[in-house]
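There are 2 protein chains.
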Amino acid sequence: MHTPWEHRYAQRTQRMASSAIRELLKLTEKPDIISFAGGLPAPEVFPTEAFTEACQIVLKNHGAQALQYSTTEGYLPLREQICRHTERYGIQVTPDNVLITSGSQQALDLIGKVFINPGDRILVESPTYLGALQAWNAYGAEYVSVPMDKQGMNTDFLEEALRTGPKFIYVLPNFQNPTGVTLSIERRQRLIELADHYGVPIIEDDPYGQLRYEGDHLKSVVVLDDQYRNNSTNCYHGNVIYLSTFSKILAPGLRLAWVIAPPEVVRKLVQAKQGADLHTATFNQMVAHQVSKDGFLDQHVRLIRKVYSERRNVMLAAMDRSFPPQVDWTQPQGGLFLWGTLPEHLDAAEVLTAAVARKVAFVPGAPFFPNGGGLNTMRLNFSNASPENIQEGIARLGQVLSEQISQAERLAIHP
Amino acid sequence: MHTPWEHRYAQRTQRMASSAIRELLKLTEKPDIISFAGGLPAPEVFPTEAFTEACQIVLKNHGAQALQYSTTEGYLPLREQICRHTERYGIQVTPDNVLITSGSQQALDLIGKVFINPGDRILVESPTYLGALQAWNAYGAEYVSVPMDKQGMNTDFLEEALRTGPKFIYVLPNFQNPTGVTLSIERRQRLIELADHYGVPIIEDDPYGQLRYEGDHLKSVVVLDDQYRNNSTNCYHGNVIYLSTFSKILAPGLRLAWVIAPPEVVRKLVQAKQGADLHTATFNQMVAHQVSKDGFLDQHVRLIRKVYSERRNVMLAAMDRSFPPQVDWTQPQGGLFLWGTLPEHLDAAEVLTAAVARKVAFVPGAPFFPNGGGLNTMRLNFSNASPENIQEGIARLGQVLSEQISQAERLAIHP
Chain A
1 MHTPWEHRYA QRTQRMASSA IRELLKLTEK PDIISFAGGL PAPEVFPTEA FTEACQIVLK
61 NHGAQALQYS TTEGYLPLRE QICRHTERYG IQVTPDNVLI TSGSQQALDL IGKVFINPGD
121 RILVESPTYL GALQAWNAYG AEYVSVPMDK QGMNTDFLEE ALRTGPKFIY VLPNFQNPTG
181 VTLSIERRQR LIELADHYGV PIIEDDPYGQ LRYEGDHLKS VVVLDDQYRN NSTNCYHGNV
241 IYLSTFSKIL APGLRLAWVI APPEVVRKLV QAKQGADLHT ATFNQMVAHQ VSKDGFLDQH
301 VRLIRKVYSE RRNVMLAAMD RSFPPQVDWT QPQGGLFLWG TLPEHLDAAE VLTAAVARKV
361 AFVPGAPFFP NGGGLNTMRL NFSNASPENI QEGIARLGQV LSEQISQAER LAIHP
Chain B
1 MHTPWEHRYA QRTQRMASSA IRELLKLTEK PDIISFAGGL PAPEVFPTEA FTEACQIVLK
61 NHGAQALQYS TTEGYLPLRE QICRHTERYG IQVTPDNVLI TSGSQQALDL IGKVFINPGD
121 RILVESPTYL GALQAWNAYG AEYVSVPMDK QGMNTDFLEE ALRTGPKFIY VLPNFQNPTG
181 VTLSIERRQR LIELADHYGV PIIEDDPYGQ LRYEGDHLKS VVVLDDQYRN NSTNCYHGNV
241 IYLSTFSKIL APGLRLAWVI APPEVVRKLV QAKQGADLHT ATFNQMVAHQ VSKDGFLDQH
301 VRLIRKVYSE RRNVMLAAMD RSFPPQVDWT QPQGGLFLWG TLPEHLDAAE VLTAAVARKV
361 AFVPGAPFFP NGGGLNTMRL NFSNASPENI QEGIARLGQV LSEQISQAER LAIHP
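The listed protein sequences derive, respectively, from chains A and B. Each residue of the first sequence is one higher than the one before, starting from 1 at the first, in my numbering. Each residue of the second sequence is one higher than the one before, starting from 1 at the first, in my numbering.
Hints may contain errors.
Copies of the same chain look alike in the list, so a pair counts if it fits in one copy or across any two.
[To be verified] Computed list of lysine-lysine pairs in DSSO-like fashion (alpha-carbon distance at most 30 Å, straight line):
hint	residue 1	residue 2
1	Lys60	Lys306
2	Lys359	Lys26
3	Lys30	Lys293
4	Lys60	Lys26
5	Lys60	Lys293
6	Lys60	Lys30
7	Lys30	Lys150
No lab work stands behind these hints: they were computed from the structure.
Given the sequences, and given the hints that come with them, work out the whole structure.
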């Protein structure tokens, strides 16, 4: 069908093109495939009964409000609840600092809309969260990247990157998507010092911070930044915009997340959100507020930690058993993902094709690298599949990897 | 508080600046003011019981799915339901033609993202829907406008506007926001002929089409466009992108709307939506699908028509009684709004200040004009206030208008 629309796409749509990876991943959605490709929470832990009760209470007591239009900033009691939650982690803010968004993806989109001029450089980890690249590509962002290692962003390379004049720094300090690694406390400090030295602000994306399965909680970059500024009252200083979400601690199907930012930035984001979707669904905000009340959320997060921690352990143990010694992987202390590195000559996209034939799937790592590279890397999700499926899937994947590696080695000897 | 963010806003934020009108409208949100300023549905007609039941059913039978991530295109059974609904109005489409959005505001935003390059001209009615201007300003749109009269967009001026090379035409044919007027069938035909002649596609925004209180339903532009192309099978031709929403027929607090477009355009919009908010809340889509099943929506729309029709009648009758003869207004056959035109020398923003002092409010019309003008116009909403408050509010407003007009006339005589 030819329509007059097809000659009228904006230039930016060229940067939003559907990737080959995405097409490949469609194959992984078949029900008989054990998929470590997505980033889905375990549906078994969704608190459906608590939701049922909350829906009833909200509709009974505040039905007219819950189904009506509401303010762009978000439902005030929810924003207050987020302030109390945030304060426990050492960030003192008021509702003027909080914007409710339709998932963290929208927070990234609005940040792009408010801050990014075409050609602006954003300083990111390499690899980094694909959703941020997708959101910001539409605004014409370029990327200057700092390599990751098992302590997170390697701050030895940070100063050189900062000297290119990036608009802001984007960092996922806890159990990063895609690598699962955590930025060490020393590097958090170094990041803050250098960002301050060059006058470059920071966006801290923290969807998984509460899902720690071992080790001690590390202070958020936003908290450390306030302390660095000799701010003894823990008052929010505004240099760091902090993002978090209900998707991983409650349910992603609600599309609820939040931004902590200086009031002036919140006002700009609100203007952008007015044009983007007016406001986040009132009903969802009120139901999330109702569900989270009275300590339920804390109790629920403990359950999630228990379930995911077991799955991570099962996956790591299975990898120890089944993966060939040429493959290296991260040992995440929390979150949903771990990251594998194959021998340099292997292409993870080709491995995926072989893996899908054996009914197991993962995400090749290359798309997470903003400026290319990472062909031999892979992301594995451990939150969604059952422990039994994790064992079975990793066993299959181990076999595929062993075969692919031997085959590549044979080719290297007899090309 | 000074932060490094304030020097880093993108250029486009200048076009998203908060308007003086918006500040003024904040005054109208006080509870003791009778406000005709918003565009809110009547909360009394929200089907809270049906929602309560639907939430229970969805969470009981499909809880794991409802709270999980889902596809960007939207929940398939809801898209199928929309196809059936749409077919009744003469548009034959498949789910490949349907994208679920987080309210129609998001549809406008995604259309801007996919089609508008900075400096592109969009052909709009003058006045037109403010939300479209807000969405598209962020993408650097310029506007070529065609004046409205009581038959809708005046197509006598359309050809001249089309010759400026607009990217697309944006039209609200039914009970337009802000004017409440309906595009006549002859002008719909003329619009389609001229659009075809110049090869310019059309976006038809139809949030209120089902809310007609008198007269016969007029065929949608999308349907007439297909017939114009000698398409005897009523198959969707793709020249017209059609937008509608659950906000006015069910509840706006869900943020649920839909786009009908050629499959290729849907794919581009899906790519844009992936970066914007991943997908619309799964739970809301499933609940709306459950509520709308089995004829409930038709029955509910009949109730809404009855309630709004009465409020419109009460407002028109009260205006007949109370408004001075120098004021002219539209007689909408449906929708939520009517439009007043004051004597040319009066500024509706000044009238609003006087009105707010008397505890009654409306929206000055000027912001709805993309290229200036309309200082002496006003939009009145009749769906939200009770009939008693409509009578009282219009009486107060009539008095304010009479005073403002006499005062202006005295000044004209004794300047």
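Evaluated hints:
| no. | hint | verdict |
| --- | --- | --- |
| 1 | Lys60 x Lys306 | between (34 Å within a copy, 24 Å between copies) |
| 2 | Lys359 x Lys26 | within (13 Å within a copy, 57 Å between copies) |
| 3 | Lys30 x Lys293 | between (38 Å within a copy, 29 Å between copies) |
| 4 | Lys60 x Lys26 | between (41 Å within a copy, 28 Å between copies) |
| 5 | Lys60 x Lys293 | both (17 Å within a copy, 22 Å between copies) |
| 6 | Lys60 x Lys30 | between (40 Å within a copy, 25 Å between copies) |
| 7 | Lys30 x Lys150 | neither (33 Å within a copy, 55 Å between copies) |
In summary, the one numbered hint that this structure violates is 7.
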